[in-house]
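Start from the sequences and build out the full structure, keeping to the hints where you can.
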Amino acid sequence: MADAEPTLRDTERAGQPVLEASGSWTVFSIRRVQRPAKRAERAAGSRRPSQVPEIDASKVERLDTAGALEILSLAGGGPDTKVTTQEGAHADLFRLVQANMRTPELEQPVNWLEHALERIGHSWVETALHAVNLCEFFGEVLVTFVKAILQPRRFRINAVVQQMFEVWIRALTIVGILCFLIGVVLAYQSVQQLRAFGAETFSVEAVGIAIGRELGVLLTAIIVAGRSGSAFTAQIGTMQVNLEVDAMRTMGLNPVEWLVLPRILALTLSLPLLTFWGVMAGLLGGAFACSIYLDFTLAQFFERLRDTVGIWNFYTGIIKAPVFGFVIAAVGCYEGLQVSGSAESVGRLTTKSVVESIFFVIVLDAIFSIIFLFADV
Amino acid sequence: MNEDQDELIPPGPLQEGGQIVDHRNGREVAIRVRGLRTQFGDQIVHDHLDFDVFRGEVCGLVGGSGSGKSVLLRTIIGLNYPRAGTIEILGTNTHGLHANALTRLQRRSGVLFQDGALFSSLTVAENIMVPVREHAGLDEETLWEVAALKVAIAGLPADAACKTPSELSGGMRKRAALARALALDPELLFLDEPTAGLDPIGAGHFDELVRSLQKSLGLTVLMVTHDLDSLMAICDRIAVLLDKRVVVGTMDELLKYDHPWVKEYFNGPRGRAARKEQAAVDGK
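For the protein sequence lines, the chains are B and F, in the order given.
Okay, so the first sequence: first residue is 1 according to this note's numbering, each after it adds one.
Okay, so the second sequence: first residue is 1 according to this note's numbering, each after it adds one.
Be aware that a few hints might be false.
[To be verified] The following label-pair restraints were derived from C-beta to C-beta distances:
| no. | chain 1 | residue 1 | chain 2 | residue 2 | range |
| --- | --- | --- | --- | --- | --- |
| 1 | B | 247 | F | 39 | 33 to 41 Å |
| 2 | B | 62 | F | 139 | 19 to 27 Å |
| 3 | B | 246 | F | 208 | 29 to 37 Å |
[What the hints assert, rightly or not] One side of the interface only, derived from the structure: several residues of chain F facing chain B at Cβ under 7 Å:
| no. | residue |
| --- | --- |
| 4 | 42 |
| 5 | 44 |
| 6 | 120 |
| 7 | 136 |
| 8 | 137 |
| 9 | 138 |
| 10 | 146 |
| 11 | 148 |
| 12 | 149 |
| 13 | 152 |
| 14 | 153 |
| 15 | 157 |
| 16 | 158 |
| 17 | 166 |
Hints listed in this document are in silico derivations from the structure and should not be mistaken for laboratory results.
For glycine and all other residues, C-beta sits at the position ideal for the given N, C-alpha and C.
So, in structure tokens, the structure goes:
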């Protein structure tokens with residue numbers, strides 16, 4: 001830009017200090033003036049006149065609000081500073097800026113230790129409140145569920161079926177493929193390790209127990225949390241942003257009954273079905289790997305599985321599935337209903353819902369392990 | 001009313017720039033659109049559209065729903081690509097403009113979107129600082145001063161600067177969006193339905209604000225609006241989108257323009273009421 005440099009000059013007129021501004025003062029050009037000017041100001045230090053100088057802006061070529069503000073603030077001027085200008089437009093600008101000048105309140109610097117402690121305290125209180133709210137929400141869901149049992153037409157069967165299609169049928173491919181691959185990897189690894197003891201045929205037990213008890217259901221639950229739990233939060237959250245949920249309430253429709261219950265029911269029913277599918281795919285993957293590395297036929301693999309791995313290894317896995325499904329769906333819906341105002345909170349809470357539901361799944365899995373340990377199954 | 005005022009201006013051939021009568025008077029053209037054609041699939045929205053906005057005026061843009069007001073605005077801003085025709089903004093043809101030149105041009109115009117389109121994760125002050133920091137490279141302290149000034153100019157209370165858009169009411173959001181649009185002191189201001197969703201008092205205040213800023217900052221304003229009151233109160237000229245083209249005239253000229261939609265729009269009960277009100281204001 002070929003604009004003249006913005007410059008300030010101290011002069012005196014009839015004994016009064018006058019600050020003369022010239023050049024182009026726009027938001028793009030003031031960067032070039034402010035540093036040297038500020039440094040000069042600091043160097044001047046105590047010699048600065050206590051009296052705010054008059055401003056003569058008649059030599060200013062281009063001016064905008066940022067430029068006018070900069071001239072005024074460099075002069076230490078305020079709303080009452082006298083400004084002379086050549087052009088009427090510039091006078092208008094100065095008048096507008098002077099009428100709206102405010103001294104920005106700068107934030108008080110906070111001690112870092114205080115700051116850190118405050119943050120920690122905040123997050124603890126928040127977590128505690130969150131846990132309380134979540135319990136309250138579980139309660140509300142259960143109450144609605146009981147009401148629906150007493151009045152079966154309150155079950156939105158259509159919605160449940162639609163959601164089941166979404167979270168069960170559409171997840172079959174991804175769950176199947178991933179569990180199959182995990183089965184292959186698991187079998188291959190156990191063959192490698194057990195070969196050292198000459199016990200590689202025990203790979204069948206390793207695969208059967210690991211997939212049946214833990215991996216099948218955990219893997220499925222984690223995939224579903226990432227796939228369906230997040231979708232629940234995003235769907236309900238978007239409805240919340242569009243005020244659709246509030247609209248429902250005004251129509252006398254209970255959002256928990258219409259939005260939450262169908263999703264929870266669908267996922268609680270779907271996760272055991274998906275887990276069964278995942279376990280089967282995992283075992284097939286194990287059998288496939290064994291047929292390559294152990295020279296087993298598929299039939300031999302499944303015979304050995306039947307003879308050595310008890311059916312309870314499968315039951316302990318599948319019992320956990322509906323619980324996981326319930327928790328994933330409930331957390332997803334709960335976070336969706338927590339969305340408020342902006343689209344940004346949809347994104348934040350979707351992330352939160354996935355992290356939280358995976359956290360709960362793993363914690364619950366640990367609790368189940370302890371229960372099964374005492375139940376001796 | 002005297003006789004020649006009752007005479008209707010027929011929808012005949014228009015002056016250059018879609019004008020009913022020539023308004024140029026040697027004024028500088030800020031936005032010049034010639035032979036514009038926009039099309040989505042088979043649907044032609046504008047065809048052979050000519051349109052001029054002069055520097056320093058407030059031009060209203062009206063039209064039936066679906067007539068392509070917002071599309072025209074978006075095309076002029078550069079968010080839509082026209083199929084044919086040229087758009088000149090501040091003397092620069094935007095077609096095939098180099099990215100840097102386009103950025104320079106965009107810095108000279110501000111846009112107020114219908115719902116504000118404020119960045120929802122940032123506070124109002126940060127919203128205003130975004131374009132200033134990016135394009136002017138000022139230090140943080142000056143940025144704060146500039147942001148505080150814009151907040152005040154837009155008529156917002158000082159504590160609004162530290163709030164996020166979702167904490168503001170609809171009217172305050174509009175003002176915050178206006179403050180952001182004015183962040184770089186643009187020469188051109190585009191407003192998309194600035195008063196939609198505001199109560200009449202708030203809408204009136206917003207109109208006054210736009211008018212006074214336009215005067216003191218010397219802005220050129222193009223606003224899409226359906227608010228007959230703001231058309232009467234602040235627009236120098238009104239552009240009407242009719243049959244894929246634009247007809248521009250002052251309120252008086254359009255009142256005499258012989259086209260069914262125009263007559264219904266300005267002479268309908270609401271149009272008459274708004275005119276009566278404005279006449280009362282002017283008469284005071």
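So, going through the hints one by one against the coordinates:
Checked against the hint of 33 to 41 Å, the C-beta distance between residue 247 (chain B) and residue 39 (chain F) comes to roughly 36 Å, which is consistent with it. About 21 Å separates the C-beta atoms of residue 62 (chain B) and residue 139 (chain F), a value consistent with the hinted range of 19 to 27 Å. As the Cβ distance of residue 246 (chain B) to residue 208 (chain F) is approximately 33 Å, the hint placing it in 29 to 37 Å holds. Because the smallest distance between the Cβ of residue 42 (chain F) and any Cβ of chain B comes to about 31 Å, over 7 Å, the interface hint for this residue is violated.
Because the closest C-beta pair between residue 44 (chain F) and chain B is about 32 Å apart, greater than 7 Å, the hint is violated. Among the interface hints, the one on residue 120 (chain F) holds; its C-beta lies about 4 Å from the nearest C-beta in chain B, closer than the 7 Å criterion. Taken as an interface hint, residue 136 (chain F) checks out: its beta carbon lies about 5 Å from the nearest beta carbon of chain B, inside 7 Å. About 5 Å separates the beta-carbon of residue 137 (chain F) from the nearest beta-carbon of chain B, less than 7 Å, and the hint is met.
With a cut of 7 Å, the hint placing residue 138 (chain F) at the interface with chain B holds, because the nearest CB-to-CB distance is about 6 Å. With a least beta-carbon distance of about 5 Å to chain B, the hint placing residue 146 (chain F) at the interface is held under the 7 Å criterion. Among the interface hints, the one on residue 148 (chain F) holds; its C-beta lies about 5 Å from the nearest C-beta in chain B, closer than the 7 Å criterion. Because the beta carbon of residue 149 (chain F) sits about 5 Å from the nearest beta carbon in chain B, less than 7 Å, this interface hint is met.
Residue-level restraint check for residue 152 (chain F) holds (minimum Cβ-Cβ distance to chain B is 4 Å; threshold 7 Å). For the restraint placing residue 153 (chain F) at the interface with chain B, the shortest Cβ-Cβ distance is roughly 5 Å, inside the 7 Å limit, so the hint holds. With a cut of 7 Å, the hint placing residue 157 (chain F) at the interface with chain B is violated, because the nearest CB-to-CB distance is about 10 Å. Interface restraint check: residue 158 (chain F) against chain B, minimum CB-CB distance 6 Å, threshold 7 Å, status holds.
Here the hint on residue 166 (chain F) is kept, as its CB sits about 3 Å from the closest CB of chain B, short of 7 Å.
Comparing the model with each earlier hint shows violations of hints 4, 5 and 15; every other hint is respected.
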